[in-house]
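**Q** Use the sequences and the hints to build the structure in full.
Residue numbers (numbering that gives the first Met the number 0), protein chains in the order written: chain A, 0 to 204; chain B, 0 to 177.
Careful, some of the hints might be misleading.
[Claimed, not checked] Using 16 Å as the maximum straight-line C-alpha spacing, the simulated EDC-like pairs for lysine to aspartate or glutamate come out as follows:
id : chain 1 : residue 1 : chain 2 : residue 2
1  : B       : K40       : A       : D118
2  : A       : K23       : A       : D118
3  : A       : K45       : A       : D76
4  : A       : K96       : B       : E177
In short, the hints are calculated from the structure, not lab data.
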Amino acid sequence: MTYAFDRLRILVVEDNNPMLEICKTLLITFGVGEVISAKNGDDGYKIFCKENPDIVLADWMMNPTDGISLTRRIRNDASCPNHYVPIILMTGFSEKKRVVQARDAGVTEFLVKPFTARDLYKRVAQIIERPRQFVRSEDFFGPDRRRKADESFKGTYKRETDIKQMQNQKERMKEASLHMGELRQKAGLSKGDKISFGIDDIDFS
Amino acid sequence: MIDPDQHFHLAPKRNAEFFTPENQLKKKVGTGGLSENILNKAQALLEDNTIDFRPLGEMYLESIMKGILSVEENGKTSNKEDAFASILFPTVQLKANGGMFHYPLITRIADRLIQFLEVLEDLDTEALEIIKAFHTTIRAILLGQIKGDGGQRGDDLLKALVEACYRYFEKFPDRKRE
Chain A
0 MTYAFDRLRI LVVEDNNPML EICKTLLITF GVGEVISAKN GDDGYKIFCK
50 ENPDIVLADW MMNPTDGISL TRRIRNDASC PNHYVPIILM TGFSEKKRVV
100 QARDAGVTEF LVKPFTARDL YKRVAQIIER PRQFVRSEDF FGPDRRRKAD
150 ESFKGTYKRE TDIKQMQNQK ERMKEASLHM GELRQKAGLS KGDKISFGID
200 DIDFS
Chain B
0 MIDPDQHFHL APKRNAEFFT PENQLKKKVG TGGLSENILN KAQALLEDNT
50 IDFRPLGEMY LESIMKGILS VEENGKTSNK EDAFASILFP TVQLKANGGM
100 FHYPLITRIA DRLIQFLEVL EDLDTEALEI IKAFHTTIRA ILLGQIKGDG
150 GQRGDDLLKA LVEACYRYFE KFPDRKRE
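**A** Here it is as structure tokens:
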């Protein structure tokens, strides 16, 4: 059994004609049901509002409105029919500061050009299998910019929700430790044996 | 209200609301991924595209040259960010599109030029000379229709350009953006 991509409608926003054709060809080969296209961010937004596609694949550099402005508009404009739509931003930029810039605009996935068919597929699969929760703060609305908890992070947790989460986790750990003896007994383990609750990340490669 | 746990030197705690939208996409497409056969077919279509990159490449090179000439003519009077953008943006396009249309060597070279531009403090005469060398090299690749990675000659060209960038920053260490 494979993905039923024929039920998907994807909007490709790209001002470079050959590149637009390549993106459309790849998506149609993947089996995507409908590929809609637009030539720049302005047209892209209009078509987005009219068609309300499932995914947006947009280029960064376009005139007069680029992919970053389009993303901000989709995430924040009151007239937008779906603020949560996944947005994949294509660009030749790969420097960290540019990735951060795109992430801060509300982009869901970043696709560095040149890319392979598999690279594009991985981004789409990521959106389907590991959708991000959304965050609204004083100055941001968009997909959670933290992909997963970073164990090596030594900085300060600033969000109120972080503090609450940490407190909840402490409580859960305390509760769990009360039942450890019972768990060990059921699993036939002795006190020195470790119990792992780790869940591995899904790898699409 | 003042939070007694808040340190003076830290940024204030931020309020954030979290939403988990329903995964409509998963509902629509189901499970199973795509087969290797489909992915290989898509990759083959990508690799076999017959689009001629030269007109597009020439257009981007022309934009870079316009940017260089504008900086040379206007010097310090031009807006610094605009001046950088006029050279950086077409370079990014060369990097992005070269490899998509059978010119991976252009992608590699343009990538190094982007790296140089991203840390460059100012578009001074010496920096512009290096940018011109990148421009000339990419133009030669395009005119000579050197598709693929360019082999040893390609590596040598890239090495020479990268060394010029290193020499620049060795000579002018204060002209590197942090």
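**Q** Work down the list of hints and note, for each, if the structure agrees.
**A** Okay, the hints, checked on the actual structure:
Taken as a hint, the K40(B) and D118(A) pair is honoured in the structure, with Cα atoms around 14 Å apart against an allowance of 16 Å. As the CA atoms of K23(A) and D118(A) are separated by approximately 15 Å, the hinted pair is consistent with the 16 Å bound. As the CA atoms of K45(A) and D76(A) are separated by approximately 12 Å, the hinted pair is consistent with the 16 Å bound. A hinted pair counts as satisfied when its Cα atoms are at most 16 Å apart, and K96(A) with E177(B) qualifies at roughly 12 Å.
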